[in-house]
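So the chains spell out like this:
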Amino acid sequence: MKYDVAVIGGGPAGLAAAIKANNEGASVLLIEREARLGGILKQCIHDGFGVVRFGQKLSGPEYADRFIQELRRTNVQVSLLSFVTRTVKRDEGYDITYVSAQGVNTVHCGKIVLATGCRERTRNAIGIHGDRCAGIYTAGAAQNLVNILGAMPGKKVVILGSGDIGLIMARRLTLEGAKVEGVYEAKPTPGGLTRNIHQCLKDFDIPLHLSATVTRVFGSTRLEAVEISDVDERMRPIAGTQRIVECDCLVLAVGLIPENELARDLGVELDPATKGAIVDQNCQTMTEGIYACGNALHVNDLVDYVSESGEIAGAAASHGGKRKLKPITPQGKLLYVVPQRLDVNAPIDNVVMYFRVSCELADQRLTVTAGDETVFTKVYSKLLPPEMERIAVNFDKAHTLDDFTIRLEDK
Amino acid sequence: MNFDKIVKRVKKQFGTDVAVREDERSVFLSGECDNWADIVAIGKMFVTEGKHVVNDIALKGYLCKPERLPQLQDDALDGGDWDVVIIGGGISGCAVARELTRYKLRILLVEKHSDVARGASGANNGMVHAGIDLKRPCLKLKYGVAGNAIYGDVCRELGVDFRRSGQYVIFDSKLIRFLAKGTVKRATKHGIPGVRIIGKKEIAEAEPRVKDFAVGALYAPSTGYVSPYQLTIAYAENAVQNGATVSLDTAVVGMETADGKVTLVKTNRGTVSARCVVNCAGVFADKVAEMAGDRYFSIHPRRGTDLMLDPKAEGTPVQTISMGPTLKSVSKFGSGSTKGGGVIRTADGNYLLGPDAVEIPDREDTSTNSQSFDNVFGKHSQVCPTLRRGDVIAYFSGVRAPTYEEDFIIERSAKVSNLVHVAGIQSPGITAAPAFAKDVAGIVADYLVSVGIAVLPNENFDPIRPRPVRTRELDDESRDKLIKQDPDFGKIVCRCEQISLGEIKRAVNNPLGVATVDGVKRRVRAGMGRCQGGFCMPIVADVIAREKGVDITEVTKDDGGSNIVIGRIKEVRQ
Amino acid sequence: MELVCIVCPNGCRMTAERSDKGIVVVGNKCKRGEAFAASELTDPARSVTTSVRTTVSGYPVVSVKTDGEIPKSKIFALMDLCGNITVDKPLPIGTVLAEDLFGTGVNLITTTNMEVIDE
Chain V
1345 MKYDVAVIGG GPAGLAAAIK ANNEGASVLL IEREARLGGI LKQCIHDGFG VVRFGQKLSG
1405 PEYADRFIQE LRRTNVQVSL LSFVTRTVKR DEGYDITYVS AQGVNTVHCG KIVLATGCRE
1465 RTRNAIGIHG DRCAGIYTAG AAQNLVNILG AMPGKKVVIL GSGDIGLIMA RRLTLEGAKV
1525 EGVYEAKPTP GGLTRNIHQC LKDFDIPLHL SATVTRVFGS TRLEAVEISD VDERMRPIAG
1585 TQRIVECDCL VLAVGLIPEN ELARDLGVEL DPATKGAIVD QNCQTMTEGI YACGNALHVN
1645 DLVDYVSESG EIAGAAASHG GKRKLKPITP QGKLLYVVPQ RLDVNAPIDN VVMYFRVSCE
1705 LADQRLTVTA GDETVFTKVY SKLLPPEMER IAVNFDKAHT LDDFTIRLED K
Chain G
25 MNFDKIVKRV KKQFGTDVAV REDERSVFLS GECDNWADIV AIGKMFVTEG KHVVNDIALK
85 GYLCKPERLP QLQDDALDGG DWDVVIIGGG ISGCAVAREL TRYKLRILLV EKHSDVARGA
145 SGANNGMVHA GIDLKRPCLK LKYGVAGNAI YGDVCRELGV DFRRSGQYVI FDSKLIRFLA
205 KGTVKRATKH GIPGVRIIGK KEIAEAEPRV KDFAVGALYA PSTGYVSPYQ LTIAYAENAV
265 QNGATVSLDT AVVGMETADG KVTLVKTNRG TVSARCVVNC AGVFADKVAE MAGDRYFSIH
325 PRRGTDLMLD PKAEGTPVQT ISMGPTLKSV SKFGSGSTKG GGVIRTADGN YLLGPDAVEI
385 PDREDTSTNS QSFDNVFGKH SQVCPTLRRG DVIAYFSGVR APTYEEDFII ERSAKVSNLV
445 HVAGIQSPGI TAAPAFAKDV AGIVADYLVS VGIAVLPNEN FDPIRPRPVR TRELDDESRD
505 KLIKQDPDFG KIVCRCEQIS LGEIKRAVNN PLGVATVDGV KRRVRAGMGR CQGGFCMPIV
565 ADVIAREKGV DITEVTKDDG GSNIVIGRIK EVRQ
Chain W
1481 MELVCIVCPN GCRMTAERSD KGIVVVGNKC KRGEAFAASE LTDPARSVTT SVRTTVSGYP
1541 VVSVKTDGEI PKSKIFALMD LCGNITVDKP LPIGTVLAED LFGTGVNLIT TTNMEVIDE
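Chains as they are written, first to last, in my numbering: chain V, 1345 to 1755; chain G, 25 to 598; chain W, 1481 to 1599.
Heads up, a few of these hints could be off.
Stated by the list, open to error - Part of the chain V face toward chain G, derived, beta carbon under 10 angstroms:
(1) Gly1447
(2) Val1448
(3) Thr1450
(4) Arg1467
(5) Asn1468
(6) Gly1474
(7) Thr1482
(8) Ala1495
(9) Pro1551
(10) Ser1555
(11) Thr1559
(12) Val1561
(13) Arg1608
(14) Gly1611
(15) Asp1648
I should point out that these hints are in silico values taken from the structure, not numbers from a laboratory.
Just so you know, even glycine gets a beta-carbon here, dropped at the ideal spot from N, CA and C.
Construct all of the structure, not just a fragment, from the sequences and the given hints.
Encoded structure:
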């Protein structure tokens, strides 16, 4: 079989990419690992999805369903329960081999869109020590147990990490009758959106402990208790601050990392700051014909932007031409900027850029320049690490299409 | 023997009064001390040729945690009558069980955990040692060299991966390289094949990452790598295939003896009688000996921590490498209580850093701590400066079971005639087990014959345990064929390690009847990758529940009580 | 009273005070914030998302939500109500499982399309 575009991953980014590529006239194959489309949204049963895109607060499955229904109206071929095992570069495009219940299948495609999402950091990645007992789960695993399998991971729960997933799980487990002893965050500021601090924690009187972390776990079979320590500004535990909190479940919401196994196999260049691919404004990676979008590209906090990047990738993958790439250099207090390159041969009148800061900042000015010319500027009264910012920049009027910078500085 | 001098030295060095008593087999120590490391050090001072040390010096103020026992209580085994009862399902017990099934005997292996290989056999780095560190003849050397020689054959029979890719001990000074000539000579004398010193150029070719500081290396080509728990499982499965009974969640809680023999073995699942008992109880071997009134050695638990690296991390070496002695540490060459480990490329293609060696009072304390982590990383990353902490995706500890003499005890008891001890098994226990298991089976058979029990060959003995299917290793054509036979082999559940539903179902329905999440992980590596089960653990739990026809609330991570979930939603709120 | 608006991800920090002329809200970026603040002061309400059990193969539970807001004080009463519902056949997304919750006119609806899963 031959396709113009193969989209790998049927979550929000992949769905949007497949639909868009189809609508732009490409023949599309969407390869999804699981039995149902929707990716992680299937288990994100809380609401708040789609505010930017649909002006509505949808639950995760509802948001996904809108795209799934739209996909059904396209000619996109969907292969479910299919796992890509190999990708090989050919003169024209790529051969993709995947396994499914039907067997081993190899298809040829012109372009690949990687929409493989992200994975969670684990207990080991953050150096929690102690016993090896049951009851310690990443937030995603706990969410799957509760929302997909209908099972309770614990009755007395400690949550480490105040990112949105941690907050959402605190509320979810409380609603189902668990006692959430507290949410602990090693950083001095909360990791999640302010509204989630309020509607997930404050509404249910769940305490949030900042600058504190879990340093040890105890339990012979199931978890019995955790040791909490305060941490200093470099997030190192402070001796003498240890206390024991009894619990039978520890939920770890300690960060997400873009999933890039396939990107690595394809030799795609990654950005150490985002842990995703380096891309141009069309989500095309530094490897010709390979696109990356959604959380595989960088971890987003709003699904609306995940879909947006999927659409950008899907549209670009169905056209594409010879690129002329110029770097966009981040300066100042930016944690990262996506895209990292600008293809000046492609349209540059509406370049969507996403950025994040690494610490809370007030009264900042963002400036995008081409040469010594300012092409975009915006003032922010407040910037928070958990909140990804999005801007759309028009580079069309710039006189020199080179030396692009994006800079954040005190106003 | 007169121990007065040593007693005085102990008093002077540690401020501890030691009372000493001896009999024909052992030196017994008693007293009190407030430091565990000192107690172990004192015990070692009393090691004398031909005698074992039983160290009863108590740690002041230490409340020993009670032994972890299975929650299960039933009488499934009650009244059973066995020719051989093997206590302990580590590599020793499982290998002995398998070797004994070559005879027509009624064999029962009891293991207190819910799976085999749960102790040190499941938590070591899987190195099949060449034996280059052993200085003088001892059981470790004898069985280590013999075991290494037959490893390939044993693993082929049992369907376990084994890679003999050698090891390099790196030297950073010419003096050490010169001194290592003695090691080569000794190794050759001990019958270790192919050991040699290689020069700067050759080591740089074999392992480019050390070229900046290596002036040479000691190369031992017979060193190999195996998954120690998969080999243990394979031994147990082959034993079951050949007629042995493996009873899990079964702890020995007492014994009855009469006329210098063990007559009854009491467990939480009933009392059984036995013609012969084999003590393979690992860190509890001295406790089991004591139950039989045969306490003549002590086990002092020694914990080791290993760090597992992301297989995709940049900066991992190609080979297994470790730092040889440096000028500073030269006096310790080969005499330390660990061979020092290094960066080990495992049979699965993963990399392990470690282990360390820490004396601890609690035999079951397999917890990890940041101190060990830091020590292991600090020490073993020296040989590979490109490694980063963030490359560590998992870490685990195991507790070794050494005696004070630091050698294996493999013998029939001089006092309890039907009790065979396989004790003090520590590194190179994984290497030695295939060899000593044959001898232990011989000791058991000889004993049974000597008391008039007919020991006939088992004509149905089949040494082959089929290797489990691993779909990711198959070429497209064979994989396609397999999936067409059973579509479950086309459904990938563990994305990091590419393990299919079919493989997981087979693992759940294994011959030992182990249906736990970690049991699946040990058998097919589901959950062993970078995400550490974040994605697949709930699915694996669900598959276990379906395959076994139980509710997911009954599925455990490992031992009884380690349930994955505590109930159904909606039920927690009354 | 200090509040954080939970209507959208912006999470505006606002202050709301009662005065003679009604409720005065400061800090909101849009009108929805004003409405939210008013309701927080008088009768706080929330939408609730949760799940109910099913007997349908492949769906131990199905996700549900209130299609509007219910009084905050009724959240756990709603959870109890959900605990007593069992879905026994595959339902399309948006199916009403319970009408007019607590006399609010708000319904409990499913939020997942229960399609037959090829496992």
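Results for each hint:
1. About 4 angstroms separates the beta-carbon of V:Gly1447 from the nearest beta-carbon of chain G, less than 10 angstroms, and the hint is met.
2. Annotation: V:Val1448 was flagged as interfacial toward chain G, and the flag holds, the nearest CB pair being 4 angstroms apart, inside 10 angstroms.
3. Annotation: V:Thr1450 was flagged as interfacial toward chain G, and the flag holds, the nearest CB pair being 7 angstroms apart, inside 10 angstroms.
4. Taking 10 angstroms as the C-beta contact cut-off toward chain G, the hint placing V:Arg1467 at the interface holds, the least distance being around 7 angstroms.
5. Residue-level restraint check for V:Asn1468 holds (minimum Cβ-Cβ distance to chain G is 5 angstroms; threshold 10 angstroms).
6. About 5 angstroms separates the beta-carbon of V:Gly1474 from the nearest beta-carbon of chain G, less than 10 angstroms, and the hint is met.
7. With a cut of 10 angstroms, the hint placing V:Thr1482 at the interface with chain G holds, because the nearest CB-to-CB distance is about 4 angstroms.
8. For V:Ala1495, the shortest C-beta to C-beta distance to chain G is roughly 4 angstroms, which falls under 10 angstroms, so the interface hint holds.
9. Because the beta carbon of V:Pro1551 sits about 20 angstroms from the nearest beta carbon in chain G, more than 10 angstroms, this interface hint is broken.
10. A hinted interface residue such as V:Ser1555 counts as satisfied when its beta carbon comes closer than 10 angstroms to some beta carbon of chain G; here the least separation is about 19 angstroms, so the hint is violated.
11. The beta carbon of V:Thr1559 is positioned within 10 angstroms of a beta carbon in chain G (closest approach about 8 angstroms), and the interface hint is therefore held.
12. Residue-level restraint check for V:Val1561 holds (minimum Cβ-Cβ distance to chain G is 8 angstroms; threshold 10 angstroms).
13. Among the interface hints, the one on V:Arg1608 holds; its C-beta lies about 7 angstroms from the nearest C-beta in chain G, closer than the 10 angstroms criterion.
14. Evaluation of the V:Gly1611 hint against chain G yields a violated restraint, the C-beta minimum of about 13 angstroms exceeding 10 angstroms.
15. Annotation: interface hint on V:Asp1648 violated; nearest CB of chain G at approximately 24 angstroms, more than 10 angstroms.
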